[in-house]
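Student: Using the sequences and the accompanying hints, generate a full structural model.
So the protein lines, in turn, are chains A and B.
All the letters of the first sequence, read from the start, carry residue numbers 1 to 339 under the numbering used here.
All the letters of the second sequence, read from the start, carry residue numbers 1001 to 1339 under the numbering used here.
It cannot be assumed that every hint is accurate.
Far from chain A, by Cβ distances over 10 Å, these chain B residues were calculated [what the hints assert, rightly or not]: (1) 1028; (2) 1029; (3) 1037; (4) 1042; (5) 1099; (6) 1126; (7) 1197; (8) 1199; (9) 1261; (10) 1266; (11) 1275; (12) 1311.
Partial list, derived from the structure: chain B residues whose beta carbon lies under 8 Å from chain A [stated by the list, open to error]: (13) 1079; (14) 1087; (15) 1120; (16) 1231; (17) 1265; (18) 1268; (19) 1271; (20) 1279; (21) 1280.
I should point out that these hints are in silico values taken from the structure, not numbers from a laboratory.
All C-beta atoms in this analysis are idealised placements derived from N, C-alpha and C, irrespective of residue type, glycine included.
There are 2 protein chains.
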Amino acid sequence: MQSDRVALMNTFNRIVLAARPRGEVRPENFRLETVAIPELNDGEVLVRNHFLSLDPYMRGRMSPAKSYAPSQVLDQTMIGGTAGEVVASRHPGFAVGDKVVGMLGWAEMGVADGAQLRKVDAGRIALPAFLGVAGMPGITAWYGLNEIIKLKPGQTLVVSAASGAVGSVVGQLAKRSGCRAVGIAGGREKCDYVVGELGFDACVDYKAGNLKADLAAATPDGIDAIFENVGGEVFDTALARMNAFGRIALCGLIAGYSATPVPIYNVGSLLINRVTLRGFIVTEHMDTWPQALRELEPLVASGVLKYRETIAPNLAAAPEAFIGLLHGKNFGKQLVKLI
Amino acid sequence: MQSDRVALMNTFNRIVLAARPRGEVRPENFRLETVAIPELNDGEVLVRNHFLSLDPYMRGRMSPAKSYAPSQVLDQTMIGGTAGEVVASRHPGFAVGDKVVGMLGWAEMGVADGAQLRKVDAGRIALPAFLGVAGMPGITAWYGLNEIIKLKPGQTLVVSAASGAVGSVVGQLAKRSGCRAVGIAGGREKCDYVVGELGFDACVDYKAGNLKADLAAATPDGIDAIFENVGGEVFDTALARMNAFGRIALCGLIAGYSATPVPIYNVGSLLINRVTLRGFIVTEHMDTWPQALRELEPLVASGVLKYRETIAPNLAAAPEAFIGLLHGKNFGKQLVKLI
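Tutor: Below you can see the structure in the form of structure tokens.
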């Protein structure tokens, strides 16, 4: 018994990439393992993760193809953002009990250099929000709006995956800057939330089968800016309604992550309307994170910025939750509870 | 006899838009007419046009669809850039015999406000070159390179329609800034000219049936910048080879001007490689023209910037020449001789 108990305390569970997906991601692409807690070196911190963030970018890392970051290594812990609590520290800046955000992956515990962790105040803002509206997704929204789109009051912005972790912040910030915010989301329930709870001016249900006409009705003055998270037909339909000198922040193309790329027909609109489009990855612009967080955190703490979470109950449920995310089954920020 | 002669001197020929094209442009979309020379008002100038410029943008004006400029009005003189000689003037800045460039359309003569004409020195540079390398097409090349693409030495640029009025200048300017210039053109003869005469590093013949492999061979280090004039498969193939932080100046999409738009599949490359793309129309940036011409004109006058022209013999030949231009039958700048 005694030795069993010690063994339990010296190990934790993690999920590794077992095999690269061919097309759709499947549960057998992942493998749950129990591994030993490593010894800490000087400067390192041991963290008990409370929440794991699941994000569409992970699909790209699972492929061997050229991307903006190295491929996820087979048989290693899947990459992922985490929020948790320090349980041992050999770094002077961290004490046991500190709440921290890091990239410790799909794992119940992890060791990181202290320099790679961000200490957060979980008194003002709930810990999981630092993986969403007050974290990477929220900063992604902020960056695309402020550094690429640069809205002017009265303009119309369209954002896809509008009820998601990024899209929900995009529309709320656009409204705050005096613009018309139009979401695109899948299903009546998500659209009702986007308009009723998040305060968008309109939301088009792309599953209702009337995308072109519904988007036209929701954007009577055309579209000045697109914050694109989905790609494919949704993006193509919005492109056709761009106004002169429109801007597009290209953040994600989840529609094409698993299957054959969906073609775009309305390329001519980029020329006719002299559109500026920029693809971006927010982790390449860490210099902007402090300013973004200075603006976002008070809005989250005061309840002005609203958000919603879908939380899988434990690490073993992460693969299914991730596959659901790629098919839009989540509602708001997709998290995994680890404790 | 006498009255006949007077009548001839008081009239000139022009071509009007007789009917909007449905798909491909056809000769019957145009109509040649003889009209009376108008009386000059104060401030106006009468010009005998020597050369008419034929350009792909004219196809867009022939359509009723929303574009960046008003549609060409039916039964009115087709829009077009012209170079000619002043034959009468009621503007103090212009005297009979002055050489001028303007937008007098598909017509042997025309009246313009002096403010809309540019006086040129046809002693240093041949008159038709002010419609090409030392005019709108040359400035288009300059603008896309300097204001959008911003090449760094050693980078690789790809330009489509490389032997054309714009593309030929793009590649030559890129070479002058220490870059690898790769053209795409239709046919061996054009490609030989692009490499042998214009000095590009390589030119891919898209008609040879091996576009993907040939472009890969010509761009071993990938593509840092695309100056796009064609669109469709040529653009899509180049997109797939973009490097990180690539730039795209979207100048024309001649492949889709007449027929159904050709879809683009490699949209994902814009995100993965964090590409910036901007569509532009050089006539919206007249503030940059003086600087562009200060740089281009000496290079033309000294013979450093090379160019080639295809010249239709008279106004009646303009429709056929324009239809040929839309199918890449011209070789270099397409002009119509009017005198």
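Student: Which earlier hints turn out false for this structure, listed by number in ascending order?
Tutor: Those not satisfied are hints 9, 10, 11, 13, 14, 15.
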